[in-house]
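Student: The chain contents come next:
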Amino acid sequence: MEIPRHWRLKQQRYSLVGEICPHCQVKIFPPRDVCPNCGGEANTPYTFSGRGEVYSYTTIYEAPAGFEDKAPYTVALVKLDEGPLVTAQLTDLGDTPVEIGMPVEMVTRRLRQDGDERGMLIYGYKFRPAMN
Amino acid sequence: MTENKTLLKPSRPVGIVGYGAYVPRYRLPAKEVDRMWAGERSAGLPIKEKAVPGLDEDVITMSIEAARNAMKRAEIDPAEIRAVWIGSESHPYAVKPSSTIIAEAIGAAPHVQAADMEFACKAGTEAMVMAMGLVGSSMAKYAVAIGIDTAQGKPGDALEYTAAAGGAAFIIGPADESLAVINASYSFVTDTPDFWRREYQIYPEHGQRFTGDPAYFHHILEAGKAMLESSGTSAKDYTWAVFHQPNTKFPQKVAQMLGFSPEQITPGLLSPVIGNTYAGAAILGLTAILDIARPGDRILVVSFGSGAGSDAFDIVVTDKLLERRDKALKTQDYIARRTEIDYATYARYRGKIRMK
Ligand SMILES: [Zn+2]
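Top line first, the protein sequences correspond to chains A and B. Okay, so the first sequence: first residue is 1 according to this note's numbering, each after it adds one. Okay, so the second sequence: first residue is 1 according to this note's numbering, each after it adds one.
Don't read these hints as lab results, they were simulated from the structure. Model, not experiment: these values are computed from the prediction. Incorrect hints may have been included.
Dumping the calculated BS3-like pairs for lysine-lysine here, alpha-carbon to alpha-carbon at most 30 Å [as the list claims (entries may be wrong)]: (1) B:K141 - B:K352; (2) B:K352 - B:K154; (3) B:K330 - B:K141; (4) B:K327 - B:K154; (5) B:K236 - B:K31; (6) B:K249 - B:K72; (7) A:K79 - B:K327; (8) B:K31 - B:K352; (9) A:K79 - B:K72; (10) B:K141 - B:K9; (11) A:K10 - B:K225; (12) B:K9 - B:K154; (13) B:K327 - A:K27; (14) B:K48 - B:K330; (15) B:K236 - B:K330; (16) A:K10 - B:K9; (17) B:K253 - A:K70; (18) B:K320 - A:K70; (19) B:K31 - B:K327; (20) A:K79 - B:K330; (21) B:K320 - B:K352; (22) B:K320 - A:K10; (23) B:K320 - B:K72; (24) B:K96 - A:K70; (25) B:K48 - A:K70; (26) B:K330 - B:K249; (27) B:K96 - B:K320; (28) B:K141 - B:K154; (29) B:K320 - A:K27; (30) B:K96 - B:K352; (31) B:K356 - A:K70; (32) B:K249 - B:K352; (33) B:K330 - A:K10; (34) B:K9 - B:K72; (35) B:K352 - B:K48; (36) B:K236 - B:K225; (37) A:K10 - B:K327; (38) B:K330 - B:K31; (39) B:K330 - B:K356; (40) B:K249 - A:K70.
Start from the sequences and build out the full structure, keeping to the hints where you can.
Tutor: Structure (structure tokens):
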């Protein structure tokens with residue numbers, strides 16, 4: 001059970017809320033309170049647009065615990081328009097082939113449940129082929 | 001007993017400041033359900049196909065996307081939202097509100113009313129009437145009302161052909177900021193045993209002969225007629241009309257009974273291609289109409305929820321619609337995004353295959 005952790009991460013998971021560095025304006029995700037660019041303190045919240053492109057991807061056939069019922073699925077490194085790279089599952093692919101450079105957009109989806117069917121539901125970001 | 005058919009009119013004029021739709025990507029053709037369960041004894045198909053949610057979708061995720069679309073059109077500060085109400089009969093939790101998660105995701109928490117509404121297929125329009133009251137009394141500037149379902153039909157049951165997923169979100173606010181003004185609403189409610197689902201049951205039951213005349217037609221006709229009479233209008237005063245749509249035929253028939261032409265209901269009649277989205281059905285039709293309407297167009301909306309009741313709305317489009325409707329995806333964009341699936345994939349996506 002990781003209920004406190006799920007609760008603490010809800011803003012960044014639901015809405016891609018990261019940080020912007022007040023010193024050099026670099027946008028940071030996930031939030032870490034220290035700017036990876038200039039080393040300055042950075043804790044100003046910044047909501048990302050959710051737009052980006054596929055930087056790299058792989059398809060998971062042997063899923064880790066908690067994700068067995070979703071396999072096979074595709075996980076991508078997504079380069080956000082604002083700069084950072086995030087790892088996330090791709091969704092709503094239908095019969096769309098995944099390609100490097102493919103434009104994607106963030107959606108909030110059900111990631112998994114904490115433990116069995118009695119556990120809390122965990123929601124967070126995934127990316128799908130951009131619709132507009 | 002005297003009948004009081006007075007319309008519900010807020011003391012401060014209100015309207016729709018933003019609206020947003022959501023329909024999931026997958027489609028199950030009705031002929032697939034027929035192939036599985038009817039075979040040679042097919043009784044005909046009530047629709048062409050229905051929208052099915054993906055493995056990672058539920059009422060909460062779909063509501064978040066519809067609400068985000070509504071926010072894009074409204075262009076308001078989410079901190080000014082004072083209520084998030086979501087009507088559905090398929091909330092993911094039995095106990096824990098969907099509304100708090102949605103409010104958090106759109107940035108409306110924590111200074112909000114939040115609750116999950118339940119009234120079969122009219123839970124979303126009930127939320128709209130409540131939002132009209134909160135804004136119309138000046139207690140709040142903006143309130144979010146959502147109607148969305150991921151409906152399930154018992155395998156092989158008539159409802160399995162049509163029970164679909166989708167819905168819409170509305171930001172209700174002051175009329176002078178609205179892209180469509182809501183003149184009034186009227187509701188007609190009785191105790192009618194046409195459809196229900198008991199606690200811990202997965203699939204609903206329906207009261208067979210109760211579903212048509214005593215339920216759907218009676219309530220929509222009463223609510224629709226009361227709205228027309230009390231506002232001194234008839235069908236020809238409206239540019240468009242949209243009714244709850246459990247299949248293709250019912251809304252076509254009830255429209256005709258109220259004096260509406262096929263042209264008036266065509267843009268809002270989505271059930272043939274996405275199925276019955278329950279709490280989302282009538283209001284998703286409204287979003288499709290708003291996507292094509294012109295300033296001055298008048299729209300009659302009448303929902304229906306089993307149990308039973310109907311909410312009617314008299315809506316007039318303003319010129320603000322034209323500036324704002326292209327700021328988010330349109331209902332037809334979602335309908336055009338379509339991947340057909342077979343019954344096996346449907347069974348997996350809807351949790352009908354047990355993993356342990
Ligand atoms: Zn910096």
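Student: Go through the numbered hints given earlier and state which of them the structure violates, listing their numbers in rising order.
Tutor: Numbers 1, 4, 5, 6, 11, 12, 16, 17, 18, 19, 21, 22, 27, 28, 29, 39, 40 - these are the hints that the structure violates, sorted from lowest upward.
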